[in-house]
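Undergrad: Read off the chains here:
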Amino acid sequence: MERIDVHPTHTSNGYQLRCGQPFPFGATIVPGGVNFSIYSSHSTACTLVLFEKRAPQPFVEIPFPESFRIGNVYCMVVFDLDFENLEYGYRMEGPNNFQQGHWFDPSKVLLDPYAKVVSGRDVWGTQPNWDDIYQHRGRLSFDDFDWENDSPLDVPLEDMVIYEMHVRGFTKDPSSGVKENHRGTFAGILAKIPYLQELGINTVELMPVFEFDEFEHSRYHPETGEFLVNYWGYSTVNFFAPKAGYAATGKFGMQIDELKNLVKELHKVGISVILDVVFNHTAEGNERGPTISFRGLDNKTYYMLTPEGYYFNFSGTGNTLNCNNPIVRGMVLDCLRYWTAEFHIDGFRFDLASILGRDPWGYPLANPPLLETLAFDPILARSKLIAEAWDAGGLYQVGSFPSYGRWAEWNGKYRDSVRKFIKGDAGVIGEMAQRLQGSPDLYRGAGRPPSTSINFVTAHDGFTLADLVAYNGKHNYANGENGNDGANDNYSWNCGVEGATDNPDILKLRARQMRNAIAILLVSQGVPMLLMGDEMGKTQGGNNNTYCHDSPLNWLNWHLVEQNQDWFRFVKHCIAFRLAHPVLRNSEHFQNCDYLGVGFPDISWHGVKAWHADWSSDGRVLAFMLCGQHAKGGRVKDNQIYVAMNMHYESLWFELPAPPVGTAWHVFANTGAQPPEDIHAPGQEPPLESQSSLLIGDRSVVILIAK
Amino acid sequence: MDIQINQQEDITVVTLSGEVDANTAPKIHEVILPLAEPGAKILLDMTAVPYMSSAGLRLLLYLYRQTKGNSAQLVLVGLSEELLDTMAVTGFLDFFSICPTLAEGKNAFS
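As you go down the protein sequences, you meet chains V and P in turn.
In case it helps, the working numbering puts the first sequence at residues 1 to 707.
In case it helps, the working numbering puts the second sequence at residues 1 to 110.
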């Protein structure tokens, strides 16, 4: 039987209408037409504005009849629209009073915060028509993708090895070998899945893929003349739409299908997908920024405002989204549910997540409702939730982020401890013992598991690994900010010469330091995260904040894989070793005792003398042994693993603890040895000559396995 | 948009000429969907289709579902490189049997 609601009840400007459904927000295809639903508390009237695709002027404007407003939601079905060529927006009327926080201006056409497709920046880097009255336009989406039995992978967090990557940077460079029109897109990643498999990572974390504007704050470098853009994309235009410019099919408006297909194909080979999401601010910036969407729809609801009507700026980028306002909270929840249910995304990393715990006046909340809601949401129940547990307003919550048993954290303290340790700083042995165990000092007391700690030595923010061992200071001249941008506390060491050198001793030392960092990262409890390109020795010439460069500075040079084969092999084997050994991926903290009565504690600490760690403040040596019988709390059996770290500038003899009876020590890695002896494929570790002692070179890490 | 249908033995050859977009897709839909009867063998010749929008791709997907549901067979012939590309990166291509020429297309039916 035909539904009665396919019949219109009203007409306006030649279009047939009926009162719509308030939920879901956004534009939804319904029998016979499209249901438009948009929220605004403080407006007095709303008009739907419809364009033909890319037309400079709308073909019709339809004011919402007063009876189509339910509460603070305008909702209307418009019949007989051309789904494919339709672009839509809204005009809002209401008070325009700066001090009261109201910015209504019916001359502006506003983007629907719930638009699922946004056009206007369809192909990356194509200059838009700046005279266009409506730059970022909402479009309709079809939720008919054929997932063929796919669902999010639901891998335990502690078993993940995360690869943080930038969609464009990964394959934009011609050296990627990817078909030209697929370079720098989701399709480019699709083509490189075999590479990700070879490297062995099982999770990709995509830097922002929500629609953003690469031309936001675009400018020419005052001296070099280089065109600088918003390359990283930490500035959201719309939270529901994938960035069109990241899709090879963006010009056909098929970015949804292209990204879904990428997720599906990654899932097929066991690779999870985590999205880096930015809910702390939007692309509208401060008082001088453009009016795109939220500012004109309900400024006072969406942003944190000072009593004078200015924007609070806890993000460091102009404005702060009012995340603990119930309306905004609802939008964030709707957004994450959409990406989880519709795109099968496995988890989210929240940029400057501490902002999500601030109240509408900026004060940190003891029990932030948004964080709690996300932690207990039924649709997000299996999603990974990872906080960047600090913000630009000075709130630093590593170890104290409200977790509700769910939230993991980027562990900035792990990064700092490991960096200081490998460059030979004194006084970090105690810290290192904590970091290697998954930072129980930060998490155990609150009942949070080791996988709360997302361990990393490098990330997009800061030096690459190759630069960490080649530069003492940042070199950010190319960013055009007089070198004032980017972090100053890098804990880096150039090994004797600042920047590039052909001194073979220095190059050897740098290679060893890189091996040390990766070896330590991959044997630490918690969840390792690698930065895209570190596995091939990517350099950014000492620039530790490359947010604005759409150039080879950020594009991965794939020739490096060939040039640095030994290094690539080292990283690959370290990842495989971790995945082969569950004792490196425990789900509970060590107890530092033999709770199973098997003859060895779950973890034991050593120094140059077996069973005697040197905890003194000037110590630079630490070794530990993991008991395979205690792997995953004794639920699985694994080998005994011994890791010795000599960060002293001299070689030292290490007395080895005896391996379990019937086994002998075999060498998996020795960063002090030259390739190919620096590492062996897991399962093919050669036996150690002397089972009682070992000379470990200066600034070197040795990993042994008993079998 | 021009649609030609001719029966060649047990194969129904549908030849499309012109662009497939939101304007033309409904017409094609109307003409070719009834062809997807149980056991039918449909060969869709798209050698003369220079452009296809997402509406066109969705039409193909619809046709695929219809033929699959009716145990019918569908072979696509003469897709442009750009179209093949778009179908490949959006995952549509996996669903279809694709042949470069009409002759090969006819042999592709099992």
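Treat the hints with care, as some may be off.
Unchecked claim - Computed list of lysine to any residue pairs in SDA-like fashion (alpha-carbon distance at most 25 Å, straight line):
#1 53(V) - 51(P)
#2 53(V) - 98(P)
#3 53(V) - 100(V)
#4 179(V) - 27(P)
#5 268(V) - 51(P)
#6 27(P) - 85(V)
Bear in mind the hints are in silico, worked out from the structure with no lab data behind them.
Undergrad: Compare the structure with each hint and give your call.
TA: Results of checking the hints against the structure:
| no. | hint | verdict |
| --- | --- | --- |
| 1 | 53(V) - 51(P) | holds, 17 Å |
| 2 | 53(V) - 98(P) | violated, 31 Å |
| 3 | 53(V) - 100(V) | violated, 36 Å |
| 4 | 179(V) - 27(P) | violated, 34 Å |
| 5 | 268(V) - 51(P) | violated, 31 Å |
| 6 | 27(P) - 85(V) | holds, 17 Å |
Hint compliance for this structure: hints 2, 3, 4, 5 are broken, all remaining hints hold.
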